[in-house]
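Build out the structure end to end from the sequences listed, making use of the hints.
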Amino acid sequence: DIPPTGSAFRGSTRSPPRKPSAPPGDPPGTPPLAPVLQLLRNQLQEKDALIRHLESDWERSRAQREREERLLVTAWYNMGLALQQQEGGAPPRGPPSGAQSFLAQQRLATIARRARTPHGRAPSS
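Heads up, the sequence shown is in my numbering, so the first residue is 20 and it goes up one at a time.
Note that these hints are calculated values from the structure, not bench results. Treat the numbers as computed from the prediction; the structure is a model and nothing was measured. Among the clues, some could well be false.
[To be verified] Label pairs and their calculated CB-CB ranges:
hint	residue 1	residue 2	range
1	LEU122	GLY99	21 to 27 Å
2	GLN124	TYR96	16 to 22 Å
3	LEU52	GLU88	50 to 56 Å
4	GLN124	HIS72	56 to 62 Å
5	ARG133	VAL92	30 to 36 Å
6	GLN105	SER80	32 to 38 Å
7	ALA101	LYS66	50 to 56 Å
8	ASN97	ALA134	24 to 30 Å
9	GLU74	SER120	55 to 61 Å
10	ARG71	ALA101	43 to 49 Å
11	GLU87	GLN124	33 to 39 Å
12	ARG79	LEU56	30 to 36 Å
Think of the CB as a built atom: it goes at the ideal place given N, C-alpha and C, for glycine as much as any other residue.
Written as C-alpha cells, this is what we have:
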C-alpha cells in the first residue's frame with residue numbers, strides 16, 4: 020500500500036509539474052501585470068483620499084450650517100423678546116411681585132401702548 024499524499028492523483032507520490040510560462044488570459048508578449056496593478060492601486064488611493072477630503076468638507080459645511088441656524092433662531096428669539104419687553108407685555112421672570120391676573124396685565128399693556136404717541140401724530144387728549 021502507498022499512503023495518500025493529498026494530491027489529486029491517487030497512488031502517486033508526487034504531483035505533476037505545472038508551470039505555465041504566461042498567466043492565463045494574457046497573450047504572449049504583453050507586459051506583466053505588476054505595473055498595471057500598481058497604477059490601479061495608486062489611482063484607488065488617490066480616489067480614497069479625495070473621498071475622505073470631500074466627506075470632511077461636507078461635515079464642516081453641515082456643522083457650519085447648523086451653527087448659523089442656531090444663531091438665527093437665537094437672534095429671532097432675542098428680537099421677539101426685546102419687542103415684547105418694549106411693548107410692556109413681558110412676562111415677569113421669577114416669582115411675581117404683584118401677582119396680577121392675565122387680564123390685568125393686558126390692560127396695563129394697552130394703557131402703555133396708548134400713552135405712547137404714534138408716529139407723525141400729535142398726542143390725543
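message: Given a hint of 32 to 38 Å, does the C-beta separation of GLN105 and SER80 actually sit inside it?
response: 37 Å, holds
query: Is it true that the C-beta distance of GLU87 to GLN124 lies inside 33 to 39 Å, as the hint says?
result: Hint holds: Cβ distance 36 Å, inside 33 to 39 Å.
query: Could one say that the CB atoms of GLN124 and TYR96 fall in the range 16 to 22 Å?
result: Given about 21 Å between the Cβ atoms, the range holds.
- prompt: Measuring from beta carbon to beta carbon, are GLU74 and SER120 in 55 to 61 Å?
  reply: 57 Å, holds
Beta-carbon spacing of LEU52 to GLU88 - inside the hinted bounds 50 to 56 Å or not: 52 Å, holds
message: A range of 30 to 36 Å was offered for this pair. Does it hold for the Cβ distance of ARG79 and LEU56?
response: The hint (30 to 36 Å, Cβ to Cβ) holds, given that ARG79 and LEU56 are roughly 35 Å apart.
- prompt: Could one say that the CB atoms of LEU122 and GLY99 fall in the range 21 to 27 Å?
  reply: Since LEU122 and GLY99 have Cβ atoms about 22 Å apart, the given range 21 to 27 Å holds.
query: Is it true that ALA101 and LYS66 lie within 50 to 56 Å of each other by Cβ?
result: Between ALA101 and LYS66, where Cβ atoms are some 52 Å apart, the hint holds.
query: Are ARG71 and ALA101 spaced within 43 to 49 Å by their CB atoms?
result: 45 Å, holds
message: For the hint 56 to 62 Å, verify it against the beta carbon of GLN124 and that of HIS72.
response: Holds: the Cβ-Cβ distance is about 57 Å, inside 56 to 62 Å.
- request: Mind checking the hinted window 24 to 30 Å against the Cβ distance between ASN97 and ALA134?
  value: 26 Å, holds
query: Are ARG133 and VAL92 spaced within 30 to 36 Å by their CB atoms?
result: Since ARG133 and VAL92 have Cβ atoms about 33 Å apart, the given range 30 to 36 Å holds.
Checked against the numbered hints above, the structure violates none of them.
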